[in-house]
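Chemist: Chains as they are written, first to last, in my numbering: chain S, 1 to 190; chain F, 1001 to 1592.
Worth flagging that the hints you see were computed from the coordinates, not collected in a lab. Here a beta-carbon is modelled for each residue, glycine too, at the ideal position from N, C-alpha and C. One should not assume that every hint holds.
[Said to hold, decoys possible] Heads up, incomplete: computed chain F residues facing chain S, CB under 7 Å, no partners named: (1) LEU1024; (2) ALA1164; (3) ARG1214; (4) PRO1216; (5) LEU1246; (6) ARG1392; (7) PRO1503; (8) PRO1579.
[Claimed, not checked] Some chain F residues flagged as far from chain S (calculated, every beta-carbon gap over 10 Å): (9) LEU1018; (10) ILE1025; (11) GLU1098; (12) GLN1249; (13) ASP1320; (14) GLY1334; (15) PRO1406; (16) ALA1468; (17) TYR1505; (18) LYS1567.
[Unchecked claim] If you anchor each label on the Cβ, the simulated ranges turn out as follows: (19) S/ALA133 <-> F/GLY1196: 35 to 41 Å; (20) F/PRO1333 <-> S/ALA133: 30 to 36 Å; (21) F/ALA1052 <-> S/MET62: 46 to 52 Å; (22) S/VAL109 <-> F/ARG1472: 40 to 46 Å; (23) F/PRO1333 <-> S/LEU157: 54 to 60 Å; (24) S/MET62 <-> F/LEU1061: 20 to 26 Å; (25) F/GLY1108 <-> S/THR140: 20 to 26 Å; (26) S/GLN75 <-> F/GLU1284: 31 to 37 Å; (27) F/GLY1196 <-> S/ALA69: 30 to 36 Å; (28) S/PRO142 <-> F/GLU1348: 35 to 41 Å.
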Amino acid sequence: MSSTAPQLRSRLPRLAEAAVERARLTVVPRRRTRAPRVPFVTLVSTLLLGGVVGLLLFNTSMQQASFAATALEEQATNLSAREQTLRMDLERLRDPQRVAEAAKRQGLVIPAAPAFLDLDTGKVTGNVAPATAAGDTKITAPPPGRPAELDPEPVRLEPRRNGGADEKKQKQHPGSSDQRDGQRDGQRRR
Amino acid sequence: MSRQRRRGRFRGSPHFRLRTGFVLIAIVLSVFSARLVQLQGIDPRAYAQMAADEGTVDVVLPATRGDILDRNGVPLADSVDGLMVVADPFMTAERAPEIATYLSKRLGVDYFDTLERLRIEDSRFQYLARQVPATLAKEVVADADDLGYEGISTRRDPVRAYPARDVAANLVGFLGTPRKNGAARALAGLEDTFNGYLAGTDGEARYEVGAGNRIPLGDNTVTEAVNGADLTTTIDRDLQWYAQRLLRQTVLGARGDSGHAVIMDSRTGELLTVADYPTYDASEPYETPAGEGLYKSAALTDVYEPGSVEKVLTLSSLIDAGKVTSRTRFRVPGSLERQNRTINDYWEHGLLNLTLAGIVAKSSNIGTVLAADEFGRGELRDYLTRFGLGQRTDIGVGGETKGLLPQGALWTDQTEDRIAFGQGLSVNAVQMAAAVNTIANGGVRIDPSLVKGSAVTGAGTEVGSDHATRKRVISEDAARQTARMMERVIDPEAGVAPGAAVPGYRVAGKTGTAQRVGPEGGYDGTFTVSFAGFAPADDPRFTIYVVVHNPRNGGGGGSVAGPAFSKLMSYTLRRYGVPPTDTRPSRLPVEW
Chain S
1 MSSTAPQLRS RLPRLAEAAV ERARLTVVPR RRTRAPRVPF VTLVSTLLLG GVVGLLLFNT
61 SMQQASFAAT ALEEQATNLS AREQTLRMDL ERLRDPQRVA EAAKRQGLVI PAAPAFLDLD
121 TGKVTGNVAP ATAAGDTKIT APPPGRPAEL DPEPVRLEPR RNGGADEKKQ KQHPGSSDQR
181 DGQRDGQRRR
Chain F
1001 MSRQRRRGRF RGSPHFRLRT GFVLIAIVLS VFSARLVQLQ GIDPRAYAQM AADEGTVDVV
1061 LPATRGDILD RNGVPLADSV DGLMVVADPF MTAERAPEIA TYLSKRLGVD YFDTLERLRI
1121 EDSRFQYLAR QVPATLAKEV VADADDLGYE GISTRRDPVR AYPARDVAAN LVGFLGTPRK
1181 NGAARALAGL EDTFNGYLAG TDGEARYEVG AGNRIPLGDN TVTEAVNGAD LTTTIDRDLQ
1241 WYAQRLLRQT VLGARGDSGH AVIMDSRTGE LLTVADYPTY DASEPYETPA GEGLYKSAAL
1301 TDVYEPGSVE KVLTLSSLID AGKVTSRTRF RVPGSLERQN RTINDYWEHG LLNLTLAGIV
1361 AKSSNIGTVL AADEFGRGEL RDYLTRFGLG QRTDIGVGGE TKGLLPQGAL WTDQTEDRIA
1421 FGQGLSVNAV QMAAAVNTIA NGGVRIDPSL VKGSAVTGAG TEVGSDHATR KRVISEDAAR
1481 QTARMMERVI DPEAGVAPGA AVPGYRVAGK TGTAQRVGPE GGYDGTFTVS FAGFAPADDP
1541 RFTIYVVVHN PRNGGGGGSV AGPAFSKLMS YTLRRYGVPP TDTRPSRLPV EW
């Protein structure tokens, strides 16, 4: 197709050369459409700003959650400590010794032998006797005995046989003196 | 004009300005790069570590120590969060008197001691109070802050509580003051044997903090703590409590030295009670006057000669071997010469015509020796070994004794005669209870157990009721005949221990009065009295064994241990709702 152009040109009369010259097709520069810039810039800056603000908010809320978590953890620790303390108090109250002492104060005694009442037949088996405090078991520890230091052997003085000239110089019984020495030794060792 | 030009020329000379600028920049950059080389080239790790440490927190996540529970899930030992209150004397010295007053009021610590600690020089760490319940400690420290007292803080310090105090303390043991890192220091009993099982493994958390709060996206690694497992024992706490009180009354009443009481479930071998007297308060172990000697389970660690209680093992073995029956007749002389030693009975008598049941009921040493003559050599020892004597029960208590059953050349005819009636061999109380329980359980010995289910000891062995084995020792018939003979012991006319009877129930039992071996070896003239028995005799549910060492009131097994047995048995039967069997008691003839 391109080969037809010179032929055509040569066939045309020279007369209209100027017009032809004028009418020759030339490549025109493509026309650029200028889109308005404002919406795009707005969009981008909105996105950016939104992103930044969003991230900031997200971060803040995470921090907030972290604060809350710390506070709640603290609270949980306190509460569980409290629960444990209360449970310990409860265990102390359930101590069999305490319960038994309380029961004893109210006049309860441990029965001697069990008896059974069958609710269906009304039959009683076992040894039926009222419980008495007579043979009751002592549930409290005996008070501590007096320490030996507070309970020394009595000092025995023997009257002199040969009618005492000087009574102040009374002789001690040798046995008791030995005993006291022994006791003193014991104390020293202690 | 010219000056201005000169200045203008300087300013206007771009080359000069450029050069000066470059030189300045180069100087600054070389300083930077020198610093860079210093930081990155020389020991970069230390700096990286320092940077990481700045905001990183390492926390130990403490594992909770497992509880020690009784058979009903009631805690014998449990763990409570605790804190120690510590002071930095550097900060507290100035206001020490005020702080000491405050703390002695709130925490009950000694004023002078605290005052001294608050003022110690060159120290930045002093304990003020240990093992304070967490709530109280935090409250006190917070209030101290409000009052403006500085330098007081808290640290972890777990509290081990023994709510029942001395009940089962002999078994449970106790923990000492924790180590500095909060780890437990097990000192005795089950706490010690099962320390690894109870302790668990501490976890660890590592995270970054800012202003006291965790940074959400920072480094964060958590290894969760593995809590210790609970140890469930077969002990019944309330029953143990009663047994300990009764035992105390019995031992003190007889003016004895010490005693044991063991209650065993006849069918399962589970130990409901292992009581010792004297014992200590596990919640205040250091307050007990007798102190360290008591931190043990004497019923397992102490040996003694069982005396006549052992006769039931000898005689039931004889019946099992087919040598005698409960009605076999014996002529029992007043004394018996054996290898130039005389064997006597505890009471003076002439020639008696006793049946085997009579020998049991009257507790005749001579009769027992005559009956045991039927044994071939070594037969008795085999039987006793199968009853579990001379071997540890391995129920999970440390320091248990094997007891002593002579063997080899030491097992002479003379020894055999004496062993037949319970002298010349040693046992521990649980061992003996398990042996008597064999008769209660129809001739099948069950390993006693203290741990319900299964648990691993520190030595790596698994113990517990899941591992209890059953082994037939004597025939069911032999066990039944022996039980019927033992019933005659309680009989007011035929037997020696009417005080052991439980009204309304059939009770089988045997008294024991044994000579004690003194500290120098050889019998020292003191006695061990005991009573072992089970009820109901025809369908045994519980085997109870009461032992009192060295009673000084002249009592024997029947008069000292018998009544205690009776009370304990009736308490146990009532507690577990065991009705009387309503059958006719044994009427075996004792004489002929």
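Chemist: All hints, please: hold or fail.
Modeler: To see whether the hints hold, each was checked on the structure:
no.: 1; hint: LEU1024; result: 35 Å, violated
no.: 2; hint: ALA1164; result: 6 Å, holds
no.: 3; hint: ARG1214; result: 5 Å, holds
no.: 4; hint: PRO1216; result: 4 Å, holds
no.: 5; hint: LEU1246; result: 5 Å, holds
no.: 6; hint: ARG1392; result: 30 Å, violated
no.: 7; hint: PRO1503; result: 4 Å, holds
no.: 8; hint: PRO1579; result: 5 Å, holds
no.: 9; hint: LEU1018; result: 37 Å, holds
no.: 10; hint: ILE1025; result: 33 Å, holds
no.: 11; hint: GLU1098; result: 27 Å, holds
no.: 12; hint: GLN1249; result: 5 Å, violated
no.: 13; hint: ASP1320; result: 33 Å, holds
no.: 14; hint: GLY1334; result: 37 Å, holds
no.: 15; hint: PRO1406; result: 39 Å, holds
no.: 16; hint: ALA1468; result: 27 Å, holds
no.: 17; hint: TYR1505; result: 8 Å, violated
no.: 18; hint: LYS1567; result: 7 Å, violated
no.: 19; hint: S/ALA133 <-> F/GLY1196: 35 to 41 Å; result: 48 Å, violated
no.: 20; hint: F/PRO1333 <-> S/ALA133: 30 to 36 Å; result: 48 Å, violated
no.: 21; hint: F/ALA1052 <-> S/MET62: 46 to 52 Å; result: 21 Å, violated
no.: 22; hint: S/VAL109 <-> F/ARG1472: 40 to 46 Å; result: 43 Å, holds
no.: 23; hint: F/PRO1333 <-> S/LEU157: 54 to 60 Å; result: 56 Å, holds
no.: 24; hint: S/MET62 <-> F/LEU1061: 20 to 26 Å; result: 23 Å, holds
no.: 25; hint: F/GLY1108 <-> S/THR140: 20 to 26 Å; result: 25 Å, holds
no.: 26; hint: S/GLN75 <-> F/GLU1284: 31 to 37 Å; result: 33 Å, holds
no.: 27; hint: F/GLY1196 <-> S/ALA69: 30 to 36 Å; result: 34 Å, holds
no.: 28; hint: S/PRO142 <-> F/GLU1348: 35 to 41 Å; result: 37 Å, holds
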